[in-house]
Amino acid sequence: MPRQLLAAYPQEGPHFDEMLEAPLKPRPHWERLFDHLVGAPAGRMRNTLQSVERQVYENGITYNVYADPQGLERPWELDVLPLIISPEEWSGLEAAIAQRATLLNRILADVYGPQELLREGRLPPALIHGHAGFLRPARGLPAPDKVLLHIYAADLARSPDGRWWVIADRTQAPSGAGYALENRLVISRVFPELFRDLKVQHLADFFRTLRDSLAHWAPHDDEAPLVVLLTPGPYNETYFEHAYLARYLGFPLVEGSDLTVRDGCVWLKTLTGLQRVHVVLRRQDDDFCDPLELRSDSALGIAGLTDAARRGNVLIANALGSNLLESGALLGFLPGLCRHLLGEKLRMPSVATWWCGEPAALEQVIDRLDKLVIKAAYPQLRMNPLFGEDLDDRQRTELVAAMRARPHNYVAQELVRLSQAPVWDREHPRRLQPRSIGLRVYACASPNGYVVMPGGLTRVSSADDSRVLSMQRGGSSKDTWVLSNAPVSSFSLLRRAIGPQDLVRSGSNLSSRVVENLFWFGRYAERCDATARLLRVALTWLIDDTPAHHDAEWPAIISLCRARELLDPEVDPEIDPLDDVSLQQALIAATLDESVPHGLAAHLRLLFRVAFHLRERLSLDNWRTLNRLMQEMARHAQGGSSLTEVLSQLDRSVVTLMTLAGFTLDGMTRDLGWRFLSIGRRLERLQSMSLTLSQALAHARDSKESDLDWLLEVADSIITYRSRYMSRPEWLPVLDLLVLDESNPRSLRFQILGLYDYLVRLSETFGPCEAESLEPLIARLHALDAADDLRPGGKTLPALLADLQRLAHQLSDRLSMRFFSHVSENRQAFSR
Amino acid sequence: MKKLSYRVEHVTLYEYKTPVTLSQQLLHLTPRSLPWQQCETHALAIEPKAAEYVEREDFFGNRIVQFAVRTAHEKLRVSADSTIHLRARWDELDVKSSPRWEGVRDRLRDVTQPPLLDPSQYLFESPNVELAPALTDYAIRSFPAGRPLLAGAMDLMQRIYQDFDYDPAATTVATPLAEVIADRRGVCQDFAHLMIGCLRALGLSARYVSGYILTEPPPGQPRLVGADASHAWVSVFCPRTGWVDFDPTNKLLPDLEHISVAWGRDFSDVTPMRGVILGGGGEQELDVSVTVTPLDEQDIAPANKPGAALPGQ
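Read top to bottom, the protein sequences are chains P and U. The first sequence maps to residues 0 to 831 in numbering that gives the first Met the number 0. The second sequence maps to residues 0 to 312 in numbering that gives the first Met the number 0.
Some hints could be false.
Claimed, not checked - Okay, the calculated beta carbon distance ranges per label pair:
(1) P:Glu222 <-> U:Ala87: 33 to 41 Å
(2) U:Gln112 <-> P:Val399: 20 to 28 Å
(3) P:Leu341 <-> U:Gln112: 42 to 50 Å
(4) U:Lys250 <-> P:Leu273: 50 to 58 Å
(5) U:Thr82 <-> P:Ala223: 34 to 42 Å
(6) P:Gly331 <-> U:Glu178: 36 to 44 Å
(7) U:Gly219 <-> P:Arg403: 52 to 60 Å
(8) U:Thr82 <-> P:Arg813: 47 to 55 Å
Think of the hints as simulated: they come from the structure by calculation, not from any bench. Yeah, the Cβ is synthetic: ideal placement off N, Cα and C, and Gly gets one too.
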């Protein structure tokens, strides 16, 4: 059996093999997994593969690829098989990484402090002054216990002789630890017994250390420190991870516009006022953090943040300016600096790297260009690595000229032949394939020194280029299992991994931006629901081609579709009546085509976008539900869906939206955020129901022939009606149910009384909140006379419906002005 | 030794279409104290009143002020009023006896000797000075093999003065250097960046100086308030001599008519006033007026229209 498994897997070669120590012979710490694979029936492995894919897909684990025209949302690539590291090997890696983090922190503290390394000539000035990451305003900022580097990551590679090398250091805002955590969650589930029996070390302790250390160094007196996770926003490549880590660590996820600096302190803008922030764990690049003192073109930053740090009122992790260490040019100086600063030998070497700013190095590099990879010395140069062996004569000449003109901008690195590990082949699920791998490991500062995460993010090359490890360029990832000889700690920070978790965390640090998004979440969810129901009714009636339908209420339905702009409102049906075929096409487009501005797909996209911003507040279940719907919509939008399929997609949309609505009723704490979400929902429903009824009345024929089933369907009240009247719908009872019946959650009265109630509750916190503006309309609703007004042809009801629509519109504007308007963008200005 | 005294009034006025609710600003308006320059008095007035106000020194040793206005306002006025005494900078400056430029370049990039810490800050690209190949091509003609550094810088300054047109309409704060080179026009800030770029492209150290220059009214006419503007020039590092200033806009070596406020790698390090505002939708209007008055002058006529920011020619 092993032979079959390894049929496509090279037994010997120039690479170090992570799994095999000899042909067909796994290394001791891989034996359990190997035996498991050999013994597993094909069906079970297929299930395992599917389970991983499903979890990635349903949990919405994504990675944004900048080059992708689709932009956001590429599923994270995760291989089933973990990389396994033995306890003995790990202890060496751990010590080396902790030492390196300590060293880099010392260098950072010196460069942003006394600069003795520069003065003594141990670091060339070009490495500092030529690096755009050297932030001059950050010099001299206080750092408690001289810790500037709170989180550090190193990219490691293993050469054919089995030794590990550091390829690059990540000191700005290292990414991937959250993905490592998510990988762990998925993979430990598919191999639960192996995971337990192999005593794989858990990751949670590492994150607890991070959380405790940040709290330890937070500048605070008595109050519990508030730590926020600062993200550049949903368009960042690793936004998923920001949201995931924020939820995992229990930190509010904030964008720059959520924070403000006042009197030298940082504050979170919440609905109830400003909340002092003590620690900013940043995933935003440091130069973008403060448009006042750092990059002035940053729209993402917090003006005054640097000065708040200068006054010691906020801890920024990593410290502003830490990007400076992300330079290949530094690598060659590390062994000497380690001896000088720590009095120790550097435990793990960097890949041989030459900085061309040294004239002797430049000449050597040019001589050996074929064997080297040329990289930018500074990240600001944004140059993709060039492999000397790939260059033709002309490219080579150009590169050499460029290097001679600005030698200090270049470094050259020895090519490491990466080690290989098995990945599971999707095409042939009984065969392992080899792929090059690299390992990203993480350390965090603690009062007792650097702590290394026992695991990491294993990055897997694409099949096309075994030299490059990049998620941006089609690579994949693996869970990393560090085995232990001792019992492992099973502490977990996740309160409940998956469950009907609250959409909004209670607590006062709800930012105004989040509340605004919740308001719109409510509105869009309701709007999608109304749109989907109307489209379903319209398409059903179109299929059901009996003349009576066309004659009776059909004009009302079509007119409502126009009023909702599902059909082009500019086209006058009297002059230019659409035939059934074009009508059907238009309605299907309004369902599936995102370019129809008010169609279902477009509104779902808006809902999804808002949900995306609320990502860390949505439970996994909700996210899955919505995500699945979006994927289905996208699949149908590619075309070729029959009318039946479109209708069943509409059914599923309605069900999903009901599920989301049920969750807001049943799964959310009743805090301010919930109240705004509910206000959004009620406002939207009020507007939508008023519109529906006014169109229905406008086209009504006051005959016994009126067929009002459609109206009850659009209003989701058909069951109630039937249970009460057991007869064909007629105007009086229908209008009573949809307008006046307080017990019907779709009725106008239900909406407006609910709104009134919420506004009164809001005014307890914020003072008068427009509740009184509802009173006259409530009174007019109350005064409606069943006999006179609840029929087509009257004047009172249509006028009231028009006023209700106007009210909903105005109220929405006024609430936005009052509560969300300060969520505006900063603007920059200079004088010349 | 000759000594001159000046009063400098620098008024910046922003007008906004809608109220600004929060304004945070960073000012580089306090003249430096230097061996040849004494800042006797310096007063800063901010309207409306600043809710927060901090003074400190920046990375380059310039005095800066950071303030915040929190009351809603449609106008923001910042005026800096300074009294400055200048004395001649050089007893004697012989540009021909300065060291050969290649030697200076090699010394600056030599990593085997103890580094020249101060000048090595100003050798590299900076936000406003991108080192395009065109800069090297333009610069090298002023630096044939063996030419003394300062003689080369002098020649470069003169060529920039000749080859480039002074044209306030041609550029803005955001115009990149490459465009200035291509179009051959700009203002003092562009010429300073250009000359700095040329020098850095050759491996020499050059920094940006912002300040003021005395302008003479046309003969027989009184001095106009606000007729002047902020000015900018270049400082070149020369071993033994130290930093030597060059003004490519006026083709002269700054001395008794140039008042230095701040220096840095380029404009972005020493922007007189830079800030972030909340609100103030639509276009904002900016009016800067600078008046440099020799202190022995008595008659100062008010300008008909203050604030037409004329160049420091």
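Cross-check of the supplied hints:
no.	hint	verdict
1	P:Glu222 <-> U:Ala87: 33 to 41 Å	violated (59 Å)
2	U:Gln112 <-> P:Val399: 20 to 28 Å	holds (27 Å)
3	P:Leu341 <-> U:Gln112: 42 to 50 Å	violated (26 Å)
4	U:Lys250 <-> P:Leu273: 50 to 58 Å	holds (54 Å)
5	U:Thr82 <-> P:Ala223: 34 to 42 Å	violated (52 Å)
6	P:Gly331 <-> U:Glu178: 36 to 44 Å	holds (38 Å)
7	U:Gly219 <-> P:Arg403: 52 to 60 Å	holds (58 Å)
8	U:Thr82 <-> P:Arg813: 47 to 55 Å	holds (54 Å)
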